[in-house]
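Engineer: Kindly generate the complete structure, drawing on both the sequences and the hints.
Start counting at 1 in the sequence shown, then tack on 10, and there's your number in the numbering used here.
To be clear, the hints were calculated from the coordinates, so they are not data collected in a lab. Among the hints, erroneous ones may be present.
As the list claims (entries may be wrong) - Cut-off 25 Å, straight-line C-alpha distance, at most; resulting in silico cross-link-like pairs (SDA-like, lysine to any residue):
id, residue 1, residue 2
1, Lys75, Glu138
2, Lys13, Glu138
3, Lys27, Lys119
4, Lys119, Pro66
5, Lys19, Leu63
6, Lys73, Asp14
7, Lys75, Ser117
8, Lys73, Glu138
Unchecked claim - Quick list of simulated restraints, FRET-style, between CB atoms:
id, residue 1, residue 2, range
9, Pro66, His32, 18 to 28 Å
10, Glu125, Glu49, 17 to 27 Å
11, Lys27, Pro137, 47 to 57 Å
12, Glu59, Gly29, 32 to 42 Å
13, Pro54, Pro137, 31 to 41 Å
14, Phe21, Ile76, 13 to 23 Å
If you're wondering where the values come from, they're calculated on a predicted model, not measured in any experiment. Don't be surprised by glycine CBs; every beta carbon is placed ideally from N, CA and C.
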Amino acid sequence: MKKDRYHRKVFYYETDKMGIVHHANYIRMMEEARIHLLENLGLPYDRLEEMGLMIPVLHAECKYKIPLRFGDAFQIDMVITEMTGVRMSIVYTIYGEDGITIHATGSTKHAFVDEQLHPIRLRRRFPEVYEMLLMTTLNKKEESK
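Structural biologist: Below, the structure is given as structure tokens:
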């Protein structure tokens, strides 16, 4: 299992009239973290898409604990918790700068599809991508050959 960490600060445009991060922006932050995770695995989205591999979001959820505000530094820890070769799940924890205070938790579920959005078996079509993702996954559920 490989846990990854993404760091940045809250931008002004991400806040609402109350001065806190608008709820929809936590999902965007998780997407940024997911892109960061894949890049760190040597699987940047642009390369995957050039190969004909798409990874759409099937489900996203976020539980809000303590609001972030403009200028707050935060970090997102994320880990791939399930990878079947057809689907993948990622769990996120958004911490404050101290790495202790939890501001939000979330998860996303994804499918692996081709450019026509047809489901694919990653192990058969892109075995090198399958192996890289499987090596970093907490709960491995290998698909049958």
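Engineer: Does each hint fit the structure? Answer for all of them.
Structural biologist: Hints versus structure:
no. : hint                          : verdict
1   : Lys75 with Glu138             : violated (38 Å)
2   : Lys13 with Glu138             : holds (20 Å)
3   : Lys27 with Lys119             : violated (31 Å)
4   : Lys119 with Pro66             : holds (9 Å)
5   : Lys19 with Leu63              : violated (31 Å)
6   : Lys73 with Asp14              : holds (20 Å)
7   : Lys75 with Ser117             : holds (15 Å)
8   : Lys73 with Glu138             : violated (34 Å)
9   : Pro66 with His32: 18 to 28 Å  : holds (23 Å)
10  : Glu125 with Glu49: 17 to 27 Å : holds (21 Å)
11  : Lys27 with Pro137: 47 to 57 Å : holds (50 Å)
12  : Glu59 with Gly29: 32 to 42 Å  : holds (37 Å)
13  : Pro54 with Pro137: 31 to 41 Å : violated (18 Å)
14  : Phe21 with Ile76: 13 to 23 Å  : holds (18 Å)
Of the numbered hints stated above, those contradicted by the structure are hints 1, 3, 5, 8, 13, listed in ascending order.
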